[in-house]
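Same order as they appear, the protein sequences are chains Z, X, H and B.
Following my numbering, the numbering of the first sequence begins with 9 at its first residue and continues without gaps.
Following my numbering, the numbering of the second sequence begins with 9 at its first residue and continues without gaps.
Following my numbering, the numbering of the third sequence begins with 18 at its first residue and continues without gaps.
Following my numbering, the numbering of the fourth sequence begins with 18 at its first residue and continues without gaps.
Rather than coming from a laboratory, the hints here were simulated on the basis of the structure.
One thing to keep in mind: the hints can contain errors.
Simulated crosslink set (SDA-like; lysine to any residue; CA at most 20 angstroms straight-line) [as the list claims (entries may be wrong)]:
(1) Z:Lys215 x B:Ile82
(2) X:Lys13 x H:Gly221
(3) X:Lys215 x H:Val67
(4) B:Lys59 x B:Glu210
(5) Z:Lys156 x X:Ser147
(6) Z:Lys215 x B:Pro79
(7) X:Lys156 x Z:Gln165
Since the model is a prediction, treat every value here as computed from it, not as a measurement.
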Amino acid sequence: MPAPKIMTLADMAARVPDGASLALGGSFLHRGPFAFVRELIRQAKTGLEIIKQSPGYDLDILCRARCVTKARAGIVAMEGNFGLAPWYRRAVELQQIVLEEHACMTLTAGLRAAAFGVPFQPVGGVHGSDLPSLNHWASVTDPYGSGKEVWVIPAIQPDIAVIHVNEANELGDARVYGTYNWDRIMSRAAKQVFIVADTLASVQSFKDRPELTLIPSFMVQAVAVVPNGAWPGSCWPLYEVDYPAVEDYMDTTRDLGLHMACAPERLERVDA
Amino acid sequence: MPAPKIMTLADMAARVPDGASLALGGSFLHRGPFAFVRELIRQAKTGLEIIKQSPGYDLDILCRARCVTKARAGIVAMEGNFGLAPWYRRAVELQQIVLEEHACMTLTAGLRAAAFGVPFQPVGGVHGSDLPSLNHWASVTDPYGSGKEVWVIPAIQPDIAVIHVNEANELGDARVYGTYNWDRIMSRAAKQVFIVADTLASVQSFKDRPELTLIPSFMVQAVAVVPNGAWPGSCWPLYEVDYPAVEDYMDTTRDLGLHMACAPERLERVDA
Amino acid sequence: MPDGWSGFSYLVINLARFIRPDEVTFSGVNSTPPMLACLLAKRAYDFDFVYLNVAGGVQPTPSTIPISSSDPVLAEGSTAIFANEDFYDLCTRGGMDLCFLGAAQVDGLGRTNVSVIGDWHHPNVRLPGGGGGAVMLPTARRAVTWRTEHSTRTMVETLDFVTAAGGLAGVVTPIAVFVKRDGRLALQSWHPEASLDEVRQRTGFDFVATAATPTPPPSVNESAALQTLDPEGQFERDANIAPLVDRCSLPRRR
Amino acid sequence: MPDGWSGFSYLVINLARFIRPDEVTFSGVNSTPPMLACLLAKRAYDFDFVYLNVAGGVQPTPSTIPISSSDPVLAEGSTAIFANEDFYDLCTRGGMDLCFLGAAQVDGLGRTNVSVIGDWHHPNVRLPGGGGGAVMLPTARRAVTWRTEHSTRTMVETLDFVTAAGGLAGVVTPIAVFVKRDGRLALQSWHPEASLDEVRQRTGFDFVATAATPTPPPSVNESAALQTLDPEGQFERDANIAPLVDRCSLPRRR
Chain Z
9 MPAPKIMTLA
19 DMAARVPDGA
29 SLALGGSFLH
39 RGPFAFVREL
49 IRQAKTGLEI
59 IKQSPGYDLD
69 ILCRARCVTK
79 ARAGIVAMEG
89 NFGLAPWYRR
99 AVELQQIVLE
109 EHACMTLTAG
119 LRAAAFGVPF
129 QPVGGVHGSD
139 LPSLNHWASV
149 TDPYGSGKEV
159 WVIPAIQPDI
169 AVIHVNEANE
179 LGDARVYGTY
189 NWDRIMSRAA
199 KQVFIVADTL
209 ASVQSFKDRP
219 ELTLIPSFMV
229 QAVAVVPNGA
239 WPGSCWPLYE
249 VDYPAVEDYM
259 DTTRDLGLHM
269 ACAPERLERV
279 DA
Chain X
9 MPAPKIMTLA
19 DMAARVPDGA
29 SLALGGSFLH
39 RGPFAFVREL
49 IRQAKTGLEI
59 IKQSPGYDLD
69 ILCRARCVTK
79 ARAGIVAMEG
89 NFGLAPWYRR
99 AVELQQIVLE
109 EHACMTLTAG
119 LRAAAFGVPF
129 QPVGGVHGSD
139 LPSLNHWASV
149 TDPYGSGKEV
159 WVIPAIQPDI
169 AVIHVNEANE
179 LGDARVYGTY
189 NWDRIMSRAA
199 KQVFIVADTL
209 ASVQSFKDRP
219 ELTLIPSFMV
229 QAVAVVPNGA
239 WPGSCWPLYE
249 VDYPAVEDYM
259 DTTRDLGLHM
269 ACAPERLERV
279 DA
Chain H
18 MPDGWSGFSY
28 LVINLARFIR
38 PDEVTFSGVN
48 STPPMLACLL
58 AKRAYDFDFV
68 YLNVAGGVQP
78 TPSTIPISSS
88 DPVLAEGSTA
98 IFANEDFYDL
108 CTRGGMDLCF
118 LGAAQVDGLG
128 RTNVSVIGDW
138 HHPNVRLPGG
148 GGGAVMLPTA
158 RRAVTWRTEH
168 STRTMVETLD
178 FVTAAGGLAG
188 VVTPIAVFVK
198 RDGRLALQSW
208 HPEASLDEVR
218 QRTGFDFVAT
228 AATPTPPPSV
238 NESAALQTLD
248 PEGQFERDAN
258 IAPLVDRCSL
268 PRRR
Chain B
18 MPDGWSGFSY
28 LVINLARFIR
38 PDEVTFSGVN
48 STPPMLACLL
58 AKRAYDFDFV
68 YLNVAGGVQP
78 TPSTIPISSS
88 DPVLAEGSTA
98 IFANEDFYDL
108 CTRGGMDLCF
118 LGAAQVDGLG
128 RTNVSVIGDW
138 HHPNVRLPGG
148 GGGAVMLPTA
158 RRAVTWRTEH
168 STRTMVETLD
178 FVTAAGGLAG
188 VVTPIAVFVK
198 RDGRLALQSW
208 HPEASLDEVR
218 QRTGFDFVAT
228 AATPTPPPSV
238 NESAALQTLD
248 PEGQFERDAN
258 IAPLVDRCSL
268 PRRR
């Protein structure tokens, strides 16, 4: 029988080597694996590469704690009314991190190439943008004679996709309510998948409605159950964004430790 | 307000012009739009192109009634213990129809190209097969220097995808229980989507669990409610394959009209 | 704003006026004004359209109006979840009629920069990045952008970086509505309390203003709909649009 | 088949023996013997493996054993539905350890024809087509095929058409098990009631038989598992495998 996949958040984060590339699920302040990201900081990881179409708090706090050296992203902001992600912005401006700037869908095309097992993936649009020359992307003329020229994106295979989900079971199956953002393609592109679940649900509940399962257990290497683990972001329909907490985080005069001390995963328990 | 989408099966089939290309949902004897296909026969359509990774009864009966002139398919069989699809086989051997032979995934790659809005789609594998030369497929060398050569499939955009689903609502949203086979990508690739639903469900039931919706209403042009419409195939979990009926169909000495006369859509009513 | 415009109402309502009957219309991340515009159009106009949003919403009926334009509440009441790959693919294959996309700078060709102020490799300001822009701007049937600041640093002759180019059909600012005509942005109308001259002064690129007129005032339905979306004026305060009369810092144009 | 093999049990059980612990294993359409092999392995062997099938099943526990190997009942008891695009992508990206794929003809290089007998453009017999073959055979880590008829018209020197080529790891017939070795099919073992000579006579391509032995008999667990899957012998009757002793029509080999 395979080894149990349910573990503590600390054990899950311990499986991330320095220098790993991580695809992070969710979008902006919504359903991000934020407890996991804070645990990376507690474990003082370095040299991480973050892959996410629309990171915000997660990439920003990792920049703040100097855990990141590279980001591949389409749009980075705190959103809500918070505007730019300050520590990320600073890290790029000071060249503390290397940015590979994408459109959300070019990053997705790279993930698709990895998920589909092909070296590159054509993507619609991009024409007229400075991004291809910036990233040395190639274009291919339609070999079927339409005359169309299409940009192709090289495969992007993250080492680990880390997805915060509403519910997982003890086998590792995972499901999400509301939009799954880009999590599906991330889970298919990455070499490994780690699941942070707000709630542990029964295996039977997954058998009752298997169509709702976003990520089947056989693709999942590790599961941690962390209630409220997307804090200070939302996890629909369980909880909304904690805007005062984000405001505190954004206060550049306030020590990061004060923010970290409020995090719900400090109360973590494994519900298995 | 948009026009009501719910209509009779006859009205739906009447919207199919002779010569149209149709992607048909389901696989072999399972959840195929078989009532719809029989209605095409009743309306004596001609020149149809059938696009389906694994057709069987649907393509076979259309060949039997001489409605088809082209098929693009990966594998064609009756399945179960019935083996080859006899009228399809005969139509190919007598060159009554043009076959574009695919692997299931090369056909899917063509549908992906259409769904993604790109002129071609790379596909894994295919190396060493005679299919590329047969179909004049092109290969592209990875422009990113891996040395990999990948086959690319031109876009395949059906005029209409016709999908038999478990449940639709009056707006046109549709959902499937169990596997959706290739129906998702068919619905995204085609210019129009027609839904044949075994059951009409409430709009509220879709709002209660929107994650289960396979095809959102705004993509759907027509809905017909046809209980048991996948007969003589299955529609999980509602009913199984009617093997005696398939056996009768396979009896080459038996008139097709006898089979058609047993079809459940002759009892059709609109449950709206 | 009983009869006239505020900068905020001007922006939101004129974005809404780009929405057409039966079209598929999309609002994305970091896009509060278009989110409000789409929700307003649903309330103010007597036609239906398909409203999709980045939260996976398909014809949603959200119970609250969120601060974040990607908040999952924006899918509430939907009969389907249309997640990110799905709405992007819809756009690239030509099924998105109207797409609202953000910009930091817009040039006279209707191209946008959301990437950087200064040199990309040595940025003065690293901006968020274009998100959907580079893919959606050229592939949506029409794309519309907006700026809460109308100035020669936002409406520019030369972009610091071309994040996205292609299909821009319109731009709305707190004082003007531009549309694409013959490959360049042309003034369609201006805030009636501003002037054509002010729009020219505050715009860094040349534009034609043939047939441009003062923007028709908000209708009763438009004003009422905005009132229901922002009863306390919180969105208007958060948008923090500079008062129209504050022209002290206006640069003289060339 | 208390202690020995029937052609049917030989086929199913020797397919099952290709399954390894913890591997991801797939059975597809039109594939009753591998479907039975996967279900048998779950019952007969004391290791776990991930069983995926074309009905979207992921570790299913079907309440009945269907006639059709793509019947949705094969997803019953699954905790997820892994539909067609998903399992094909899994295969092309290298995540499918073992894939069972059908064939009408197999050549000595382990290539398969499922397309046609005769010329493709002027067929004597139009066959079903390869389905997954051309994509899965070269991309699965290992692929295994089977034939219910072992003859010089199914195990051929020259295919009428190459439907799929690449990663074939093994072939099982009612009388023999071949594995790929040094780029060609080699005999691994033969039905103990047949003989190496019979296998050679009934095979159209040359093969090495170094170290080949009579196939070890079915274990108690294997036989018991097959019995639970086919208690009435219906699948065995449907498979209609010619009795081993019927050699009257055997062609002499070259």
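Here is how each hint holds up against the structure:
In summary, the hint linking Z:Lys215 to B:Ile82 is supported, as the alpha carbons are separated by about 19 angstroms, within the 20 angstroms threshold. Restraint check for X:Lys13 and H:Gly221: not satisfied, since their Cα atoms lie roughly 49 angstroms apart, outside the 20 angstroms limit. In summary, the hint linking X:Lys215 to H:Val67 is supported, as the alpha carbons are separated by about 16 angstroms, within the 20 angstroms threshold. Between B:Lys59 and B:Glu210 the CA atoms are separated by roughly 27 angstroms; this puts the pair beyond 20 angstroms, and the hint is violated.
Annotation: proposed proximity of Z:Lys156 to X:Ser147 holds, straight-line Cα distance about 16 angstroms (limit 20 angstroms). The straight-line distance between the Cα atoms of Z:Lys215 and B:Pro79 is roughly 12 angstroms, inside the 20 angstroms bound, and the hint therefore holds. Distance hint between X:Lys156 and Z:Gln165 is fulfilled; the C-alpha atoms sit about 16 angstroms from each other, no more than 20 angstroms.
Hint check: violations occur at hints 2, 4; the rest are consistent with the structure.
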